[in-house]
Structure formats: C-alpha cells, structure tokens
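> One-letter residues, chain by chain:
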Amino acid sequence: MATLARLSLTEDELAVATDELGAMLDHFAEIDALDLDDVEPMNNPTHLANVMRDDVVAECLDRDEVLAAAPLAEDHRFRVPPIIGLDD
Amino acid sequence: MTEPTTATTIAEAVRFGTTTASTILERHLAAIDEREADVHAFNLVLADEARAQAAAIDELSAMGTDPGPLAGVPVALKDNMCTRGIPTTCSSKILGDWKPPYDATVVTRLRDAGAIVIGKTNLDEFAMGSSTENSAFGPTRNPLDTTRVPGGSSGGSAAAVAAGFAPLSFGSDTGGSIRQPAALCGTVGVKPTYGMVSRLGLIAFGSSLDQIGPFANTIDDAALALEAISGHDPGDSTSIERPPLELRSKLLMGAAGLRVGRITDLPEGASPDVQARLDEAFDALSAAGAEIVDVEVPAFGYGLTAYYLIAPAEASSNLARFDGVRFGMRVNAPDTNQMYMATRTEGFGAEVKRRIMLGTYALSAGYYDAYYGRALKVRRLIANDFAAAYAQVDVLLTPASPTVAFEIGDKASDPLAMYLCDTYTIPSNLSGDPGMSVPFGTGEDGLPVGVQVLAPALEDATMFRVAAELERAAGATR
Chain B
1 MATLARLSLT EDELAVATDE LGAMLDHFAE IDALDLDDVE PMNNPTHLAN
51 VMRDDVVAEC LDRDEVLAAA PLAEDHRFRV PPIIGLDD
Chain X
1 MTEPTTATTI AEAVRFGTTT ASTILERHLA AIDEREADVH AFNLVLADEA
51 RAQAAAIDEL SAMGTDPGPL AGVPVALKDN MCTRGIPTTC SSKILGDWKP
101 PYDATVVTRL RDAGAIVIGK TNLDEFAMGS STENSAFGPT RNPLDTTRVP
151 GGSSGGSAAA VAAGFAPLSF GSDTGGSIRQ PAALCGTVGV KPTYGMVSRL
201 GLIAFGSSLD QIGPFANTID DAALALEAIS GHDPGDSTSI ERPPLELRSK
251 LLMGAAGLRV GRITDLPEGA SPDVQARLDE AFDALSAAGA EIVDVEVPAF
301 GYGLTAYYLI APAEASSNLA RFDGVRFGMR VNAPDTNQMY MATRTEGFGA
351 EVKRRIMLGT YALSAGYYDA YYGRALKVRR LIANDFAAAY AQVDVLLTPA
401 SPTVAFEIGD KASDPLAMYL CDTYTIPSNL SGDPGMSVPF GTGEDGLPVG
451 VQVLAPALED ATMFRVAAEL ERAAGATR
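Taken in sequence, the protein lines are chains B and X.
The numbering of the first sequence is my numbering, which starts it at 1 and goes up by one.
The numbering of the second sequence is my numbering, which starts it at 1 and goes up by one.
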C-alpha cells in the first residue's frame, strides 16, 4: 500500500501503520451489516454534472511565475531526474 | 467614543471616517506582539503588506470612495488558501517556501470588500486533524488556556479570533474543521452549504466535502463575512449558481414559529457539561417561541465510518500532486520514481501518510467495492435521513464537539480517539448541508461550549436566525 502511495516506511513504521489500519478497519466493519443493495452511491452533494466554461480565450497563469515556484526548471519546462534509459 | 472591536463596527467606523484602517491594524498588530509567542496562531504575520493595504484603504476613504463592506477589517486566513506571492504551506514541509501564482477566490473577494489580510494561520497538516498538533511548525495553543488545544484543523484561525488578533478569520471544514475549533475557542464558526463559497485556490483535501467559512466573535460578524465571500464562481465547477447569501437582514427575525429538531438517536459521547448546555439551548429556543420536535436520523452514527473511508480516498488522490515536480520541496534521487518517493516520505507528516495509505487501501482493486463503494452508499443513507428529518423541522440542534478543549498531547497517540472529536460535525459534510457552532455558556473548568445548528442545504439564513436567537439567550444569562 505504501509503495502504491509512493511512500517508503521503515520496519517499525510499517508495524505501527499495520496495527492502526487494522484497528480502523475493525471499527469500519460496523457498516458491514447494513443492507445497501438498493442504495444509489453518492459522490458529492450537488446535482451539478459536466460543468464547462465557454470556449473563449482567457487570461491564464504567468508561465515564469509558475516555473519560479518549481524545485527545478529549465528552458521553460519542469526539470525531473531521468525516467528512461536507467539500465544503461 | 469606545474603539470598535467587531468587524461590523470597525467597517462602519472606517467607512464613516471616525477611525482609520491603519489605527485599527496597529491595535491588532500590538495584540499579536503581546501574545502570539504563547498562542502560535500564525505561520506568517504579514505586518508590512497589511500596513500597505491599510494605507491604501485610508487613501480611498480620504478621496471619498467607499472601500467596501469590510473596510479596514483585519482578517486572518488559514494557511491552505492560496495567496499570490505569499508563502502558502498547509503547515507541511512538502510545500517548502512555495509562493502561489494566484489568489484564492475568497482572498480576492475579501480584498475587494476592503478587508486587510493580517496573516496566514496554523493548521493540522493539510487540514487533517482535530487539535492543530499535527503541524510541521508546532502546535497552536488555546488562548483561553494555553495548556489546551484550540481544536482543529483550523485551530490557528479559531485562536486568532479568540485571542483578539483579528475580528474575523477564515478556515476550511471537511469534517468539522471550522465548527469544532470554534466550539473549543468560544467563537462562532460556520460551514456554509457545500458549493456556496468558492473552493478555487483552497488546497484540496476532500473535494466533495471541503467548504470555506468564517470565524467571528458575533453572529452578525460571521454573517457579514459570509455575505462577502459567498456566491457563484465560474472558476469552481462545484460552485452553486446562486447570488451571495443575504443573512444580516434575517438576524432579528427571532426563532418564533420555527421547528427545532432534537435527534433522539444521536450517537452517545457528549460529556455531561456539553449535554447540559445543549438542553438549555433547546429551552431557550422554546422560550423564544420555537417548537421543539423529536426526530430520528438513524444513519447519523455511521457518518464517522463513511467519512474515514471517503475523505482519505479523496485525499490520497488530491495529494498525489505533491511529488516534487511542480511546487515545493524535492529530495533528489537517481530517477523520477525514487525522487517521488523520497520527496513524499520526507515531506509529509505521520497523520497525512496514515490517511493517504488508508485512502489508497479503500480505493485499491479488490477492496474498492467493500470500502469506498459501500461508504458512498452509506453517505446516501445519511443524506436521505437528514432530508426526512428536515421534512419535519427547520433546523437541528446538536453538540458541536463532544467535550470542551482537551489538554495538548491527550489524544495525540490515538488516531481513533482524535477522529471521534468530529462525531457530530461529519454527517453534514457528507450531506452537504450547512452547520455552525454558536458559543453557549461554559462547561468543565470554565471552558466554552459550542452548540451546533444544522439546516438543510441552501437554508443558511434560517440557520443564522436560530444562531442569533441563541446568541441573545447566551448573552442574557451571562
């Protein structure tokens, strides 16, 4: 689970997290007994769907200001460590 | 003439020229100087920027231009609302010294109304917590007793108003993060109807639950604040197409003729002092001419479980964007995948990691239907039960928090005990209905108790009517 969430835990942290998660799942088991077969899931409180803006040109964020807030930028782009060619 | 202390009287005095925004600001900066070291309400005090803003307001006023309904009112903002060019941290290490390239809609509206941003307030990291102890910058203390927590996650905003650092502050409420700290600090705290206030520029925790709202010392101030920030924003796709709320004109209407619901199957857990104040609140409304009606909301008690599956699921998705690429800090590593992991492991605190993992689990293949899917169905049950109750009554009354403010460290090592702080506030986040905490007397050790008023979606004004009646009753017995 930690790997899926892109987090790394020490052995000790992992043991604590496993216990805590277990305790919470035990508490959550209270809804197991509910009959929910005919209940429609509710994703959000509004009845809005597919809200779109008009297709017109509008002002957007300043590129330099956005890139200035990044850990590393180069040539107007975000710079990251290698993604491919790692086996070479 | 006495110095104005509430937002409404400050704005009036600045608009009529009987005082200046600069005078008001200096008084609040002096209060901060005096007590901030003990309270730690702020991550950042913006003294210079605020002075420049106050001078600009005074100049407008001198030229005969009305600076707006919040003229010269100092406001404190929870540090998860984006402020252009000003660090916004979510009280997390992972955002580093990130300066947002835009203002949240709420910030723009406050400035347009003449308010002065005095600082960014402390919170539980990414708004996850009920005590403001989970901050990368250290805990906030309750100004009424500095050995106790102010509640959370908007604890800094609640403390700022309670300590007199600002007459108004703003927080976000995903499961009670405005109402619970308001109760513990003895201030008014409002979570409006979901979609009534724009979330544009509020750093997302649980997008289907998050809502911005005000803290204030009076109901009238809270109403003034909410009128200024509410109303449709095309920049937020969950914003309801409605004009700004009209609240202040309703505050003197009283509670006569309203039906106030008492939930007979409310989950247990409220301490005797809190229960006693709640009973007195029913008595006060009855004396004011309201009809008290017993109702049932059977699924209310399942709110906590549904919330702790849905909110972490949404958080695990929302917080995926903090990966060391576009904003904040980065821990270097030989490849991008390792960089993501090293940055997130170093940048997030323990509670945030706990919730991300819980959410990842609830959404993972094989468990999705059993956890997240079932939680969404329980959410529907809760909304349906509220709707059935609101067919019989205009508002519901519950405790805002099960207890008065607890000691710092009391619940820090027991996540489930901390989660139970939000038993009474969570269900209305799931349903999307408005709720607010109103100070109503004191409990154990003379600490404040908050009574929660709940109303159906879009009936924020009715909720304020009842809150104003409770404020009058509390004032009369004080």
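FYI, nobody ran anything at the bench for these hints, they're computed from the structure.
Where hints are given, some of them may not hold.
Not close to chain B: a few residues of chain X, all C-beta gaps over 12 Å, as computed [unchecked claim]:
no., residue
1, Asp273
2, Asp323
3, Asp335
4, Ala370
5, Asp445
Computed spacing ranges between beta-carbons, pair by pair [unchecked claim]:
no., chain 1, residue 1, chain 2, residue 2, range
6, B, Ala23, X, Thr2, 49 to 55 Å
7, B, Pro41, X, Ala391, 50 to 56 Å
8, X, Gly446, B, Asp55, 56 to 62 Å
9, B, Ala49, X, Gly64, 43 to 49 Å
10, X, Gly85, B, Asp55, 27 to 33 Å
Every residue, glycine too, gets a C-beta built ideally from N, C-alpha and C.
> Hint by hint, say whether it matches the structure.
Results of checking the hints against the structure:
no. : hint                              : in the structure
1   : Asp273                            : 26 Å, holds
2   : Asp323                            : 7 Å, violated
3   : Asp335                            : 5 Å, violated
4   : Ala370                            : 9 Å, violated
5   : Asp445                            : 30 Å, holds
6   : B:Ala23 with X:Thr2: 49 to 55 Å   : 54 Å, holds
7   : B:Pro41 with X:Ala391: 50 to 56 Å : 23 Å, violated
8   : X:Gly446 with B:Asp55: 56 to 62 Å : 60 Å, holds
9   : B:Ala49 with X:Gly64: 43 to 49 Å  : 47 Å, holds
10  : X:Gly85 with B:Asp55: 27 to 33 Å  : 31 Å, holds
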